[in-house]
Amino acid sequence: MQEQLLFRTPEVEPAPSKYPNRIEEYEIILDRSRCTECGICAEICPEYIGSASIEYEAFKKPDGYLRIVNHKSSCVGFGCQRCIKGCPTNALSVKNSQYLALGDSRWTPDLILSTLEQAETGRPSNRYEYRNGNSRGGFDRIRFSFELDKEERDGGKLFDERQLDTSIVLNKRNDGRPEIRIPIPIYGGDMSFGSVSLNVMLARAQAAEAWNTFTSTGEGGYPDKLIPFKEHVITQVATGHFGVNAETIKRARIVVLKYAQGAKPGLGGHLLADKVTPDVAKIREVIPNVSLFSPFPFHNVYSVEDHYRHVQLMKDINPKALVSVKVSTPTDVDMVAIGSYYAGANILQIDGGCGGTGAAPDIAKKNIAMPIEYAIPIVHNYLVNEGVRDEITIMASGGIRTAFDVAKAIALGADGAVIGTAELVALGCKRCENCERGRGCPSGIATTDPALMLLINPEWAAQRIINLYSSWKRQWNYILAQLDLENIRELRPSNEVKFKNGRFSHLVHLDHLR
Amino acid sequence: MKAIYERYHIEVKDAPSRIKLPSKFLVKRYNNCSDVQECTQACIYEVHRTREDGQIAEPVDHLCRGCYRCVLTCPKNAISIENNPEFERLGNSYFTPDRIETINFEAETGRVPVSGTGYKGPFAGKGFDSIWFDFSEIVRPTRDGIHGREYISTSVDLGRKLSHLEFDESGRLLSDSPKTIEIPIPMILDAPLNSTTRRSIQLALAKAAARLNTFSIVNAKEYSDDLAPYRLNLIPRINSTEIEDFEDLIKASRIVEVDFKDSEIDDHLERIKEKNPSLLVSLRFPYDENSSERAEALTRMGGDIVHFYVVDESVEQDPDIIKNAIRSVHSHLVDINIRDEATLISGGGIAEAAHVPKSIILGADAVAVGLAYQIALGCKACYGDKHAADCPMELEDTEIELATQRIVNLIGSWKDQLLEVLGGMGLREVRRQRGEIGRAMFYEDLEAKVFGDRE
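From first to last, the protein sequence lines stand for chains E and V. Sequential numbering from 344 applies to the first sequence in the working numbering. Sequential numbering from 69 applies to the second sequence in the working numbering.
Each hint should be verified, as a subset may be incorrect.
[As the list claims (entries may be wrong)] Cut-off 27 Å, straight-line C-alpha distance, at most; resulting in silico cross-link-like pairs (DSSO-like, lysine-lysine): (1) V:Lys144 with E:Lys428; (2) V:Lys289 with E:Lys438; (3) V:Lys188 with E:Lys843; (4) V:Lys96 with E:Lys438; (5) E:Lys841 with V:Lys194; (6) V:Lys517 with E:Lys843; (7) E:Lys438 with V:Lys188; (8) E:Lys428 with V:Lys96.
[Said to hold, decoys possible] Footprint (simulated), chain E over chain V, 3 or more residues, beta carbon under 8 Å: (9) 106-119; (10) 146-155; (11) 173-185; (12) 197-203; (13) 218-230; (14) 491-497; (15) 504-510.
[Stated by the list, open to error] Derived DEER-like restraints, expressed as beta-carbon distance ranges: (16) E:Lys428 with V:Lys517: 50 to 56 Å; (17) V:Glu154 with E:Arg780: 25 to 31 Å; (18) V:His130 with E:Glu522: 51 to 57 Å; (19) V:Glu497 with E:Pro357: 54 to 60 Å.
Keep in mind that the hints were calculated from the coordinates and are not lab data. Built from N, CA and C at the ideal position, the CB exists for glycine as well.
Here chain E stands alone, though its shape is the one from the complex (with noise of 0.2 Å):
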């Protein structure tokens, strides 16, 4: 009964975007002026493509406009080119500038597009790039050994429907509080009302209540809307304290205490006066319009003596709430996590330089902190060898954007993942990084604008987060499957994580490969 419960996979319904055009790799643009309708292009693509191909309808009925774009992704653009060197009188050109110009090294256009296809299908893409990025470090040059492997390219194995343990704790203390098991190794990051609408907020929570697994509320407060999915939602306590009291702490089932963000270390929160509407300042108990700051540190909380009253004053306001401590990763970082593994901490989510954020000064982003993929080993590293690393879950965040870059994580010695971009990414975002200024997100994500949060269904962007997950879950059977492991705890290294020649247990890494 309960494994049935743990293993229910949400059902995987097409979730289509609302607007009638796509971002594709390729498009077709046709010269009107040259154009004679003979039709001869929508004969030869097809012909080549192999398949009777409604994507080239508009080939087909050339309606007199200047431009054709292919809205089903078949076309492969410069590889084939045979439209444009069929069409007798050169009326056609093929470019793919557009997808160029969208994303950047760390979302590469190919991450967003198929981040978008996970969306909508609940399935790998298997047109775009769906597990790397470009960014030249980290996991963007981590490998897992099969990957470099030529079998791997088996298409018809490519995803295992084998149904594949991916489940992990989140309390392993034996503190007499529950253990808490979710079926998949993520939950999702810590969002702020205000920073994010609350049609996301709903959506996130039904993800999470979906997957049994969990979303957070961020520092903004507590919307009354998300206590129907109390059991999966993550009362942040953070140093602005907005909207925190004792009613919110003792609703869940997690508290984390938000020391530091990946993205702004050291700094606390922002939130700029534009967003402070009347709704956000009422449920954190601010006036509105005003720029609010979330200070830095917590300033009850200067020693390692003060975070052990710190956790257990969580733990004493609500005795069945696992307390979680949110850190970023600091050069001592190692230090910091033993810290919290003697000050009590059930979960340590360590986030990372590259995290996601509503708004930070752009020199803290790219310049404090260093990034997860170093923090992880470090951590776990310093764990194992104190001989505590089995009694804290490790949760990893900042920068982590695809199911393959949580599976590499877990192989570097975390026991799970935080998200947050990626399911963003998910509904909609661009990555355009106007969340926070003006009426703030243009597709309706990160805004507190009354009309522009209309652009978020809560139904429909609950089932974009949904399909994602079970596309990431389908990936992770898929890895395990590749690895003979039977499930994913396994693929955590029990020992320190050490590289020889580029290589340890299954990962690999390019640049330090011999």
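Based on the hints, put chain V in the right spot on chain E.
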């Protein structure tokens, strides 16, 4: 009544650019547009607007943020967004288009660039890009300095300091404490790379230095009467052979800079100090493999300030040069116990706000900002003919007050960003950041520690 306590404050105000940078995106509307104008509703940045006659107007590229909503929404699929090749061609591999755009924003507004979403750039890079600052997780002083409730000092001292004090038998102090000059920010402005025809830039630099209460270097040959009102904030730069020619300037200044040529500097130094005993002398030389020893020699000869620099073209070719330069010169002076006997100023490779604290954590006391402020005035870092007098950007046409304000804004923004870093690191003053290598994390070290071979 004058306040007894004055907090250093940089007055920033909007100073819109004389020259518009190319927009990052090009928004194209194809001619299958049927003028239903849904894009005007979709776009929240007003890229798509309705003309007065009711027709759709040409898209306003520079307002586009790349959210793609118009592309997705258009019922005719008639809009596309592309990178602007003209933007991508800006600058060079070091002064990248993004850096030029950021400098432009800082010069225009004086504000700290703040944005949503996580870091978008490469994992790491060379030179300054291979460094992350540490921060302090729990045990730390307050960060309230960033928002002005408590004071974080960004002041540094120019000049020699004593390594120890000497007393006579009766306990009287024997040591003369040398003169130092405190500047409220660890940044001075270097002389323009090409300055012969640019009086307005010279003036703007001098005025900005005065307003910022720091210094601007000016080639002594180009010193003229209109700069005289700002002489307390100017550092004339003199060749060692020209000391007699500039006697008046030496007497009128607080600091002069001498280009180091040979070991005769010892003699020159004495001659300069005879003319103005309270003068600080900065000795300037280009960085090379002998620079550590040279810095040592100059310090021992009695130079107050050691100013080494790497030209920007060299930093562009190998960004590690400036990182290694600062680290090796600083470490050498530490090793032989004379580090505090001179002030180290490093120049070169300062292309963004983070490069100031990064230079300092590597061991510089202060930095000389060069090309960055020229970019703030419209330079595109093309290095055309070594910054030829006929620069097409016609920087000298900039109105002096506007140019001054843009330099002040840039430095003001950088100072505030320095505060972010110091606050994040839990440091109460920038002096304590100097050479704090233990509070910096290096890409090479972390790669080796985590992914390299270990015993």
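Each hint, compared with the structure:
At most 27 Å may separate the alpha-carbon atoms for a hinted pair to count; V:Lys144 and E:Lys428 meet this at roughly 26 Å. Between the alpha carbons of V:Lys289 and E:Lys438 the distance comes to roughly 55 Å, so the proposed pair goes past 27 Å and is violated. A hinted pair counts as satisfied when its Cα atoms are at most 27 Å apart, and V:Lys188 with E:Lys843 does not qualify at roughly 30 Å. Under the criterion of a C-alpha separation no larger than 27 Å, the hint pairing V:Lys96 with E:Lys438 is consistent with the structure, at around 14 Å.
At roughly 25 Å between alpha-carbon atoms, E:Lys841 and V:Lys194 fall within 27 Å of each other, so this suggested pair holds. With a C-alpha separation of about 11 Å, the suggested pairing of V:Lys517 with E:Lys843 holds against the 27 Å cut-off. As the CA atoms of E:Lys438 and V:Lys188 are separated by approximately 25 Å, the hinted pair is consistent with the 27 Å bound. Straight-line distance between C-alpha atoms of E:Lys428 and V:Lys96 comes to about 25 Å, which keeps the hinted pair within the 27 Å bound.
Coverage of the segment 106-119 of chain V by chain E holds [criterion: at least 3 residues with CB-CB distance below 8 Å; count 4]. Residue count for the segment 146-155 of chain V with a Cβ under 8 Å from a Cβ of chain E: 5. That meets the three needed, and the coverage hint holds. Remark: the segment 173-185 of chain V is confirmed as covered by chain E, as 6 of its residues place a Cβ nearer than 8 Å to a Cβ of that chain, reaching the required three. Here's how the segment 197-203 of chain V fares: 5 of its residues keep a CB closer than 8 Å to some CB of chain E, so the rule of at least three is met and the hint holds.
Check on the segment 218-230 of chain V: 0 of its residues sit with their Cβ under 8 Å from a Cβ of chain E, so the three-residue criterion for coverage is violated. Requiring three or more residues with a Cβ within less than 8 Å of a Cβ of chain E, the coverage given for the segment 491-497 of chain V holds, as 4 such residues are present. For the segment 504-510 of chain V, the stated coverage by chain E holds: 3 residues have a C-beta nearer than 8 Å to a C-beta of that chain, and at least 3 were required. For E:Lys428 and V:Lys517, the Cβ-Cβ distance of about 54 Å falls inside the hinted range of 50 to 56 Å, so the restraint holds.
The given range of 25 to 31 Å is respected by V:Glu154 and E:Arg780, whose C-beta atoms sit roughly 26 Å from each other. For V:His130 paired with E:Glu522, a C-beta distance near 55 Å keeps the hint of 51 to 57 Å intact. Separation of V:Glu497 from E:Pro357 is about 59 Å and conforms to the stated range, judged on CB atoms against 54 to 60 Å.
Violated hints for the displayed structure, listed by number in ascending order: 2, 3 and 13.
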